[in-house]
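Q: Chain residues, written in single-letter form:
2 protein chains.
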Amino acid sequence: MELQKRKNQLDFSKIENEIRVFAPATVANMICGFDILGFAVDAPGDEVAMYRTTEPGVRIRSIQGDDGRLPLDPDKNTVSACVKMLLQHLGIENEFGVEIELIKHMPIGSGLGSSSASTVAGLFAINNLLGNPLSKEELLPFCVEGERLACGHGHADNVAPALFGGITLIRGYEPLDVIKLPVPNDLYAGVVFPKVDVPTRDARQLIKGKVALKDAVTQWGNIAGLIAGLYESDYDLISRSMKDVLIEPTRAILIPEFYEMKQMAMDLGALSFGISGSGPSVVAITKDESIAKQITEKISAHLTAKEIESLHYVSAVNTVGPKIIN
Amino acid sequence: MELQKRKNQLDFSKIENEIRVFAPATVANMICGFDILGFAVDAPGDEVAMYRTTEPGVRIRSIQGDDGRLPLDPDKNTVSACVKMLLQHLGIENEFGVEIELIKHMPIGSGLGSSSASTVAGLFAINNLLGNPLSKEELLPFCVEGERLACGHGHADNVAPALFGGITLIRGYEPLDVIKLPVPNDLYAGVVFPKVDVPTRDARQLIKGKVALKDAVTQWGNIAGLIAGLYESDYDLISRSMKDVLIEPTRAILIPEFYEMKQMAMDLGALSFGISGSGPSVVAITKDESIAKQITEKISAHLTAKEIESLHYVSAVNTVGPKIIN
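Order-wise, the sequence lines are chains A and B. full-length UniProt numbering applies: residue 1 is where the first sequence begins, and numbers increase by one. full-length UniProt numbering applies: residue 1 is where the second sequence begins, and numbers increase by one.
For reference, chain A alone in the conformation it holds in the complex (with noise of 0.2 Å):
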């Protein structure tokens, strides 16, 4: 009933003909909080434009900046296949057309939301096309139906922070319970992206089903001190609680220099350094850009050295998600 007098309210002659959005890129798990956490950067982030149609249907219009590795088939590339579920869900298929360009301005399979930056972009950008008919909670579920679409998993830690911005939790998922937290004002993130490829079906794949209950605890100590962190603005605290005893471990295996590049960003100050997402990307989180500077500069001088390739980012925590851009 209640999508019915959405559908009606929508009012097509009021619509505009094109709109270009900007979705960030997202460290998902924030170190300590496997699943759970996860906060949006400034940069990088991906570009979705999009054009009304008069013929009903979604297409792919071109994609930029993915090396040809992504489906141009509107059913098998996320972006259109979940804005053409969101117009499926409204029951305005046929009444509709778009074509998108997908403009990635960040690497693939780089653990930082790069299939989510675009999903998330694209929806965003369908429902303003569309006057707004649903809310950004309502928008939720066709993000986390991309995830699933783009890693075979419908995880939300990348697309929820994508989505409402800011550092959010995922406290559960039956039903999808996405909190947002506070974000202290001189947090910032240094990230870096060594180029070697970790497909995140494997780095998860690598971790263990079965983990020491006296290391979750040690784990849920560190989450539990994080958020308390987050909410006091206690830098010490959100320094403290940032440790990985359960997962880094394992997946630190498959990032080169990962060791030394985590003592490179303490030596220098960071409150914390660990991997974003599945990796490679690694982030250390500081409480000052300049230092976030310096780490990852210096991080890329030491992996150009070892014959890495790596590109990097500083950024505060993105606390806006999607935003229309020109």
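Treat the hints as calculated values from the structure; they're not laboratory data. Glycine included, C-beta positions come from ideal geometry on N, C-alpha and C. Treat the hints loosely; a few may be bogus.
Stated by the list, open to error - The calculated lysine-lysine pairs, modelled on BS3-like cross-linking and capped at a C-alpha distance of 27 Å, are:
(1) K298/B with K214/A
(2) K298/B with K243/B
(3) K214/A with K210/B
(4) K243/A with K180/B
(5) K210/A with K323/B
Said to hold, decoys possible - Label-pair distances were calculated between CB atoms; the ranges are:
(6) Q205/A with L206/B: 30 to 36 Å
(7) E138/A with K214/B: 24 to 30 Å
(8) K210/B with I324/A: 46 to 52 Å
(9) I15/B with G209/A: 37 to 43 Å
(10) G91/B with D236/A: 30 to 36 Å
(11) E95/A with D236/B: 34 to 40 Å
As the list claims (entries may be wrong) - Far from chain A, by Cβ distances over 12 Å, these chain B residues were calculated:
(12) F12
(13) D75
(14) I103
(15) N132
(16) E138
(17) N222
(18) S241
(19) E257
(20) T304
(21) T319
Starting from the known structure of chain A, arrange chain B on it as the hints suggest.
A: Chain B alone, transformed into the frame defined by chain A:
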């Protein structure tokens, strides 16, 4: 050096001759936070009266309410042993003597932090009698040592809330890192102690050393949700988060009528219901005192019908910890 200075500052001529202290019972784990969370309640609790003597040494004058179960030997009784440790730490064990009366107002082996309440009362009493040479933070390690003597484990999830009051998080043990969490105004606890024997050691041994990572993720999502809920005074979030998928299924086996009691509590509007510490006491968390009363009365009547004796208590979260009485 610091200690010597404090010792020199002690002015024995100004010290009171006696003191009487109450310290609160505590609910460790707070349902979802095994080994890291705990809170203090206004009732029940233990009482320690302490008398200065000219003759050095620490003696137990009497113990009431323990049915003869606690040792009178000052080296074996945890209260006197901890008091002695503190006097030795200050280097004044040959200059100062005390006699202790311990009045137990709460059952031993109930899962309500009985030994913690006594130890905290004793250490708070001696520190006050001496003019407070140590801060509460400095008293904590002595309290933890008391737990080690009493239970064989140096856990802090009972002594920390008993000493500091309120809701405490033990972020980690190396070093001991205790965080005081906010206490929402309307949070009440209805505690029922079914008089059955569940020794802490047995309750711990039942728990498996390894847990499924999937369950650990569920648990730490809930723990993170609870911390956020406490900061936000969001009772719905607190309720959704206070679930224990890891420990309760095992420990509940030892508690008669556990699931029947849980059903009654949830039917009457509890935010959550679970085991207090290692049990057999159970606790209903409510946002209203009258709901907590209804729950404890209904559960007690049910246990009586099943020929199980019980005690019950309703209380707000105690936010002060130990206090001087009379």
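Q: Does each hint hold? Answer for all of them.
A: Results for each hint:
no., hint, in the structure
1, K298/B with K214/A, "violated, 37 Å"
2, K298/B with K243/B, "holds, 22 Å"
3, K214/A with K210/B, "holds, 8 Å"
4, K243/A with K180/B, "holds, 20 Å"
5, K210/A with K323/B, "violated, 44 Å"
6, Q205/A with L206/B: 30 to 36 Å, "holds, 32 Å"
7, E138/A with K214/B: 24 to 30 Å, "holds, 27 Å"
8, K210/B with I324/A: 46 to 52 Å, "holds, 49 Å"
9, I15/B with G209/A: 37 to 43 Å, "violated, 59 Å"
10, G91/B with D236/A: 30 to 36 Å, "holds, 32 Å"
11, E95/A with D236/B: 34 to 40 Å, "holds, 38 Å"
12, F12, "holds, 38 Å"
13, D75, "holds, 31 Å"
14, I103, "holds, 34 Å"
15, N132, "holds, 26 Å"
16, E138, "holds, 19 Å"
17, N222, "violated, 7 Å"
18, S241, "violated, 6 Å"
19, E257, "holds, 27 Å"
20, T304, "holds, 36 Å"
21, T319, "holds, 17 Å"
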